[in-house]
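Student: Sequence:
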Amino acid sequence: MFVVPEEQNLDWGDIFYLTTLPNHMKKHGIFDCLRLSFSDWPYTSDAFGMTIFLQVNEVEGLQIRKEEMWNPVKPFPNAFTINIGDTVEIVSNGVYRNIEHRVMVNSVRERLPIATFHGSKMTGVIRPAPSLINPKNAALFRSVQVEKYYKDFFARKVLGKSNLDSMRINYEEGKSTAS
Numbered sequence: 001m002f003v004v005p006e007e008q009n010l011d012w013g014d015i016f017y018l019t020t021l022p023n024h025m026k027k028h029g030i031f032d033c034l035r036l037s038f039s040d041w042p043y044t045s046d047a048f049g050m051t052i053f054l055q056v057n058e059v060e061g062l063q064i065r066k067e068e069m070w071n072p073v074k075p076f077p078n079a080f081t082i083n084i085g086d087t088v089e090i091v092s093n094g095v096y097r098n099i100e101h102r103v104m105v106n107s108v109r110e111r112l113p114i115a116t117f118h119g120s121k122m123t124g125v126i127r128p129a130p131s132l133i134n135p136k137n138a139a140l141f142r143s144v145q146v147e148k149y150y151k152d153f154f155a156r157k158v159l160g161k162s163n164l165d166s167m168r169i170n171y172e173e174g175k176s177t178a179s
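When we follow our numbering, the leftmost residue of the sequence shown carries the number 1, and every step to the right adds one.
Since the hints were made in silico from the structure, they are not lab data. Computed from a prediction, not measured in an experiment: that's the story for all the values here. Check the hints yourself; a few may be wrong.
Using C-beta positions, here's what the derived DEER-type ranges look like [said to hold, decoys possible]:
1. V108 / S131: 21 to 31 Å
2. Q145 / N71: 28 to 38 Å
3. Q145 / W70: 27 to 37 Å
4. V56 / K121: 21 to 31 Å
5. F154 / R65: 13 to 23 Å
6. K74 / A155: 29 to 39 Å
7. V125 / M69: 27 to 37 Å
8. W70 / E110: 15 to 25 Å
9. Q145 / M104: 31 to 41 Å
10. P130 / N57: 41 to 51 Å
11. E147 / M104: 25 to 35 Å
12. T116 / E60: 16 to 26 Å
We put the beta carbon where it would ideally sit given N, CA and C, even for glycine.
Start from the sequences and build out the full structure, keeping to the hints where you can.
Tutor: Here you go:
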């Protein structure tokens, strides 16, 4: 989780970084020892409110799922892609839907994305906005503490909207009420 420096002194630190430019400083083959199969790469939806994404070069990789089909997202130069996350779907009571997505590896050209994730404060509550709930428009999602929602999200197998589905009112494990 996140630590506020005033609340705790840290006497350790870990960092993992990859140098991408200049080319002569890259550690080519650093992942050769890993035997990964990208043919069945998991797809997900973002737990956060939104993800702001910049594709630095024009190499495709991001795909979104629409009508059971995977569609590539064409990167536009100097443009941001914004993914609506689970918490926005919950707060909007389903008015704004998040999107299932995945990232595919390009075996010919390197892809350079930068993503920032924006979410609620950890001490907050995620719930449908009270102004959207009335006798004609029932709440579709339960309320949950932000910290619990994120812990549950990262504890689940990465697959689709399983954590969001678990927040739906009238949800039964294994029987999603998602449309």
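Student: A separate judgement is required for each hint: does it hold in the structure or not?
Tutor: Hints and how they fare:
1. V108 / S131: 21 to 31 Å: 49 Å, violated
2. Q145 / N71: 28 to 38 Å: Given about 35 Å between the Cβ atoms, the range holds.
3. Q145 / W70: 27 to 37 Å: With a Cβ separation near 34 Å, Q145 and W70 satisfy 27 to 37 Å, so the hint holds.
4. V56 / K121: 21 to 31 Å: 29 Å, holds
5. F154 / R65: 13 to 23 Å: 21 Å, holds
6. K74 / A155: 29 to 39 Å: 34 Å, holds
7. V125 / M69: 27 to 37 Å: 36 Å, holds
8. W70 / E110: 15 to 25 Å: 21 Å, holds
9. Q145 / M104: 31 to 41 Å: 34 Å, holds
10. P130 / N57: 41 to 51 Å: Given about 44 Å between the Cβ atoms, the range holds.
11. E147 / M104: 25 to 35 Å: Roughly 32 Å apart at Cβ, these two residues keep to the hinted range, so it holds.
12. T116 / E60: 16 to 26 Å: Given range 16 to 26 Å: holds, Cβ gap about 20 Å.
In the structure shown, a violation is registered for the earlier hint numbered 1 alone.
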